[in-house]
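**Student:** Protein chains in written order, with the numbering used here: chain A, 1 to 337; chain B, 1 to 337; chain C, 1 to 337; chain D, 1 to 337.
Think of the hints as simulated: they come from the structure by calculation, not from any bench.
Predicted model only: the values in this text are computed from it and were never measured.
Mixed in with the good hints there might be a few duds.
Copies of the same chain look alike in the list, so a pair counts if it works inside one copy or between any two.
[Claimed, not checked] In the BS3-like style, the derived pairs of lysine-lysine whose C-alpha atoms are separated by at most 30 Å in a straight line are:
id, residue 1, residue 2
1, K226, K32
2, K32, K67
3, K226, K118
4, K32, K202
Number of protein chains: 4
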Amino acid sequence: MIIVMASDATDGDVEHVVDRLSDIGAEAHVSKGQLRTVIGAVGDRAAILRLPWEAFSGVERAVPVLKPYKFVSRDHHATDTVVDVGGVPVGGNTVTVMAGPCAVESRDQLFSAAAAVKEAGATILRGDAFKPRTSPYSFQGLGEEGLELLAEAREEFELPFIAEVVDPRDTELVSSYADLIRVGTRNMANFPLLAEVGRQPKPVLLKRGFTATIDEWLNAAEYIYKEGNHAVILCERGIRTFESQTRNTLDISAVPVAKGLSHLPVIIDPSHSGGRRRLVAPLSLAGVAAGADGLIIDVHSSPETALVDGAQAILPGDFSTLMKQIGGIASAIGRAI
Amino acid sequence: MIIVMASDATDGDVEHVVDRLSDIGAEAHVSKGQLRTVIGAVGDRAAILRLPWEAFSGVERAVPVLKPYKFVSRDHHATDTVVDVGGVPVGGNTVTVMAGPCAVESRDQLFSAAAAVKEAGATILRGDAFKPRTSPYSFQGLGEEGLELLAEAREEFELPFIAEVVDPRDTELVSSYADLIRVGTRNMANFPLLAEVGRQPKPVLLKRGFTATIDEWLNAAEYIYKEGNHAVILCERGIRTFESQTRNTLDISAVPVAKGLSHLPVIIDPSHSGGRRRLVAPLSLAGVAAGADGLIIDVHSSPETALVDGAQAILPGDFSTLMKQIGGIASAIGRAI
Amino acid sequence: MIIVMASDATDGDVEHVVDRLSDIGAEAHVSKGQLRTVIGAVGDRAAILRLPWEAFSGVERAVPVLKPYKFVSRDHHATDTVVDVGGVPVGGNTVTVMAGPCAVESRDQLFSAAAAVKEAGATILRGDAFKPRTSPYSFQGLGEEGLELLAEAREEFELPFIAEVVDPRDTELVSSYADLIRVGTRNMANFPLLAEVGRQPKPVLLKRGFTATIDEWLNAAEYIYKEGNHAVILCERGIRTFESQTRNTLDISAVPVAKGLSHLPVIIDPSHSGGRRRLVAPLSLAGVAAGADGLIIDVHSSPETALVDGAQAILPGDFSTLMKQIGGIASAIGRAI
Amino acid sequence: MIIVMASDATDGDVEHVVDRLSDIGAEAHVSKGQLRTVIGAVGDRAAILRLPWEAFSGVERAVPVLKPYKFVSRDHHATDTVVDVGGVPVGGNTVTVMAGPCAVESRDQLFSAAAAVKEAGATILRGDAFKPRTSPYSFQGLGEEGLELLAEAREEFELPFIAEVVDPRDTELVSSYADLIRVGTRNMANFPLLAEVGRQPKPVLLKRGFTATIDEWLNAAEYIYKEGNHAVILCERGIRTFESQTRNTLDISAVPVAKGLSHLPVIIDPSHSGGRRRLVAPLSLAGVAAGADGLIIDVHSSPETALVDGAQAILPGDFSTLMKQIGGIASAIGRAI
């Protein structure tokens, strides 16, 4: 921790900070410049982070040197983690494509999409039974019935599936069906939910909050990890910016940045970031080229009738074409789908 | 709903939209310009909103004319709502000040702050027993023990109190103790939690998500309202922007904007928006001048030892001075504290 | 400057940084923690800032301790600066109100607004002859003819006036007429223009770029100051955020933050930040309550016919009412208009 | 234009809008819903856009259907424009790579970088003689001497070059030397400068303002285009967001969005968006995969000694490796470098 003293800090203020550091067993390295005194604190990270340094008299600001997360950082684990999702690896040399409808609406809708994505080469099926919706008047998902349909589709098409959980009380239910539990963007900072999925025996896909910094996202992963669940996949899905021609702005740089800071696999969601069908292909290809370990794509056989997010779902035929392009980009960078 | 067709939309595309509108009993008003055709849809709002118009062939974008929320809007209820919090009114001609420590840490800490804020003129006590923290290694609150201390302080100082709930499973517990339930900024879009607090017999203070638009905030209020709980207070507490000298940017305009769109009372949180002690006074005064119905302020007798957010807590003496200034601004605009 | 080394930095990397600091006459204070080494650099600020530390091998990041601006900072000049605008003070105990039409459109339009704002108590007239417009097809101002009308109005109503300059080639022209030169939000980082206004004998109002940090804004003020013009007034006018119900988000915290960092006066523009007429009054009052040294307000006798920004102009009658409210808030905090 | 009336608009308000539309020769299509009346205005776009509809009594908001730019839009010109830069095409099937130092510092520095980028396959040389810098104390460029060195390098290495102009008064000078004039991100809304470059006989690369919407960027291109210069290349270079691990957030979606709205070529700048050397490769590959028509990359033989932006410059050896990867991605999508 670097503690920058204000220009009007007294010697007593500096001493007080040094004393408190000493109380907690940390060393204080004091540098006096012409206009500011700076104190470098070296010692037990957790103990130093715990004190509210900016509340101390004469302190202008405190700049942490280390990140608050530990287990998910590269400092802790240098090599890339590969997560196993019902037999399908995420991370490593493969680019894994998860695809299917945003929400499970009916057996027909789900099975027609599942057949199409399987045929085109996707290896994990997506489809949600619980949907968090901005308006209370929108379709909220089929619940357990949806999970049962997904389990049936898994048998039929030999595709493990991913499904979202939105309520800590439903975590065990979703976990008992799904091969991969998704924590959605609105729940990235829902700490009770993170703790619950951290106790499940299934891997977790953690979407970045659309307004979360990369550090906050990794802190959220730490919540899951520290409960004992080490099978965490990160998913970048666009952040909120001032640009309004896209639903969100896909933060493509987050792929290399998160992979630099953490050993966890990182995938991208080209469907929800752009929010428009015609952006799905360019964003998918960009994601793979930037080094993403996978993609999660909305595919719907009849977007016009979709109950959720129809505007961004692509048709099975377009998905099939896209899979070929994804394969081309993957091999250009020495990876396979 | 206004449906703007793309420049290359065919007559068939236009017809198809008109037919679907007719299917759901809505009228279509078609205006053909030189470069674009625009279709105005008039009829049952919910039915029109339900269809994913942007997924239709030839549609460039769909612009809703009406807001998706209904009960919390001024269209539904023209006069200002006044919410009763354990006998204290929020809304109307009064500027209500809620104050106390961010988190309950101990009986002494709570009681010393409570005595001070009571003495200075606050009418509602704040103090949390459950805290949502970005890092899993930070203090998470005292839980039920904290609620018991708050209840004791209520008796001792005759101050109703507000406390946060962060988990739907704790909602009844918090509701059984508190006079006003708070939904924090990170949980504004935690829909299961909103539904739970919507079923409680206590009023709810709904903080704006630090990355939520005003419309999303009012949608969240609608979630609570439609479950039957009409005693909702809105709280602006700063939004995330690119500026980093403040923790968040207090959106002072949100006060008149939200009060224009909704009949619910709106207060501001000057402590968490700025994140710095010396911003609390100017932001408090600005909030009252802009028309806020109240303030919620962190006060701590010893910020240096605070387990949560010490950097923004003000001392009892400064709070007392601030209360006098707040009173001055309130009377300048014809209100009272 | 604090230089944080990467976890995989070698001893050679650390030594290399220390050597380069020594080369430029600076001291290096090295703190070795368990996971990171941190180097505090103490010495000539400008020399240290000049080197691209983040380009050095093994450096993770470089955190400046001091701000890059000097003359405009409180470190340089502790007491508040008061700027004289044609005899009217800006800064100090007065709250100065500048008002008038956004753009000068005609003699009648200008004079009718000038008469009204004078009558209501404004002490500086606003009105632009050059307008920067997003679309090349919008009205761009009357040019010198507009300046002449402003000069006439100054005589008639005994009001010094403020006018915008958008092109370095017009700086002398504007300066020769106006009492206060305005640099608009889009030109805050137009460095040749800043240098030009820095050489004029007239005070300058520097609007914050709607996407500029407070530090960038003060750097821009430094450009003007260091050319010799010390009569600089800062103007907060809203920043770009994700919220779309207001044109920009007035950053009310910027008032106390900028006044803490700099000795220059700070005013706010409630008209352009909100972009809506009904927000002008609450934002004006909030600005004064937060400690702003003045306001600049669009007033137009016939907003419907305004060639620029009619939606945010208030009518003379409303301005007159607002001036009374401003006076009330000002006296509540011990200031006068 | 869609004009949405407020819920409390009177019949007179509606009539007044309809009358004004009729005055300017436009048709009004009135749709009365249960809660709002909506007026669709059809007619001459420019005439309709000119009136400040939101200033009219009873108008809640006015939603434009058409974009304010015309010549740069796909509506005006359906096929892709290819811009000739000193014999090198930008747009069409080629992915054009521009590379070199951020600023020209000396003959040696420029020539060593130029030799390297030529060797690796770049076809346009970058290097600036005028630099806009946030701080007045930073290096501002060599001026005309820098342009002369660039012209020499052009002869020596047979590479046309691109250089920035920051002052309208230098436009002819820069234009007389450079093959491609660059308007930097801070000057995207410097309208006098846009008008000047619009009158030059050289093509223009227009960087997106780091806080500009895509529409504002296209409006800026329109400023250039309408002065007669049709050789405009758009360059996405990152936008300002809340994420601070990157200098700016590369808006990768802007590539397909801008190419959908406009016929102009779009390239990306992977160096200035990320601001970090190790992000240059992944962002370059992502840009090409997303459909960008080219890249502009900072290459410096000794980043540690760079006077500008050393942290993001890559070494010649890394550039050479990157060019091979770019070639691989380009051929995967059927393009060539």
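**Student:** All the hints need checking, so say for each whether the structure fits it.
**Tutor:** Now for the hints, and whether the structure bears them out:
| no. | hint | verdict |
| --- | --- | --- |
| 1 | K226 / K32 | between (39 Å within a copy, 27 Å between copies) |
| 2 | K32 / K67 | both (26 Å within a copy, 16 Å between copies) |
| 3 | K226 / K118 | neither (35 Å within a copy, 41 Å between copies) |
| 4 | K32 / K202 | neither (52 Å within a copy, 40 Å between copies) |
Violated hints, listed in ascending order, are 3 and 4; each of the other numbered hints is respected by the structure.
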